[in-house]
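Residue numbers (the numbering used here), protein chains in the order written: chain A, 2 to 214; chain B, 6 to 273.
Source of the hints: derived by calculation from the structure; they are not laboratory data.
Any given hint might turn out to be false.
Straight-line Cα separation of at most 27 Å, DSS-like style, residue types lysine-lysine; simulated pairs [claimed, not checked]: (1) B:K188 - B:K200; (2) B:K91 - A:K141; (3) A:K201 - A:K78; (4) A:K141 - B:K38; (5) A:K201 - B:K270; (6) A:K141 - B:K266; (7) A:K11 - A:K85; (8) B:K129 - A:K141; (9) B:K234 - A:K206; (10) A:K201 - B:K238; (11) A:K213 - A:K78; (12) B:K60 - A:K201; (13) B:K17 - B:K238; (14) B:K238 - A:K141; (15) A:K141 - B:K60; (16) B:K129 - B:K188; (17) B:K234 - A:K141.
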Amino acid sequence: MEQRVQKYTKVARIFHWVHTAAFILLVITGIFLYVNAGLVAQDSWSRLVHRIAAVIFVLAPLMQLIANTRTATASLKTALTWGKDDLDWVMAMPRYYFLVDEESMPPQDEMNTGQKLWYFILLVFSPIFVITGILMWFFKDILPSGVFQWSIFFHDVAFIVVFLMFLVHVYLGVIHPLMRQHGGSFSAMVDGTVTEDYAKSHHGKWYQRIAKK
Amino acid sequence: MAEKAILFDSTKCTACRGCMVACKQWWGLEGEKTQNFGSYENPPDLTYNTWIKMKFTEIESKRTGGVDWLFTRRSCMHCTDAACVKVCPSGALYHAPLGNVAYNNDLCTGCGYCAEFCPFNVPKLQGGAATVIRKMNKCIMCIDRISNNQEPSCVKTCPTDALVFGARQNLVNTGKERVQELKSTYPNAYLYGEKELGGLHVMYVLTQLPQVHALPTNPEVPVTAIAWKDVLKPAGYALAGLAVIGLGLNYLAARANANAKAESKSKH
């Protein structure tokens, strides 16, 4: 039986999937304002679902912060700390992801630079979603129409950036060949564990640290 | 088909508001319960059920020394460069062959972008901020009547011919002639809608500057509509396309290299 190590707690996984579900609902119900979908969104059902999903999308990370303050703040700190290791990751990235040259990539911590970038982008763009969304939802009758118009614009800027990163996130999480070897990365978000081989090869720095304990 | 238009001559309007009644009657729109706000003008603004109203403006008259009472039609202007049509995400709003701006009620998702981008603040939705399930309503220039060679109901009922309906080009000429006649009495007389927004399909003969009639001078499609629809949206499609192609190429390259590695390993 291969050895497995715990990467994500149950609480973290539950919030991850609640957040994901809310995000996917938001994309589906928001895309009708971007892509002409004809009759699909008639009678405003998408407006209703979008608002319900938006509340979940905002509450889930806030609740996680309360439920799991120590881990969440540690991840926050990691995502906001950038250094030479990240530059090394960027330099190694093309060989690593295209040529599948594992030796080219220096040992990574629990979150590698790509994961930090995804976290960072969510930290920056989620407030843009929330602020412009609140302006359009509650304040359109009070504020000048220019505010609403620019809110649409920046809501969509945030959508484009976050949705593209979401595609990359899903691709690297479950599709890229490197992420499927040694038991793969997906199990980390299912039962919370990865194999020791996976931890060694993908998060060497982190593995060394937890192996000592 | 030659484009049609309505010409409103404010100097001939007596504010009988027959147009407002005829519109409600033809379209079966409910009346409004309103409160007196110190004017004969009523209701205060266009609503979901009020597609046309007459605006009353009192100004000091330089001509008589007394008061001039201006009556201005307030309804959809049926712009050629219609911001509402441009931003409508579901394609519910469209230009009909006669040039008027109509909409398909079934396609309306209630997003309200038309209301927020219209330079004349015409489209109206049911309810306020909290109402999520809603539809838009506005004047569609009696599309059913005009496509059967009848005048719109407001024009049909107008007793003083302050409203006339006809081929747009003819009405531009009529309006210009009328403005020339009025110039001696009203130096600011102006044909509003001849050139505004690529040409409106409801044109006004005005005696005063547009802003005195509570009309925007040089109305424009908001720059935000262009930034969103013509710049950001295509950019989004392009980036999404590039991302999918990029990830696809990465997958093909990575898989080929991974397979090659596995093969060379198994040989040893």
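- Quick check: which numbered hints come out false for this structure? 6, 7, 9, 10, 12, 13, 16
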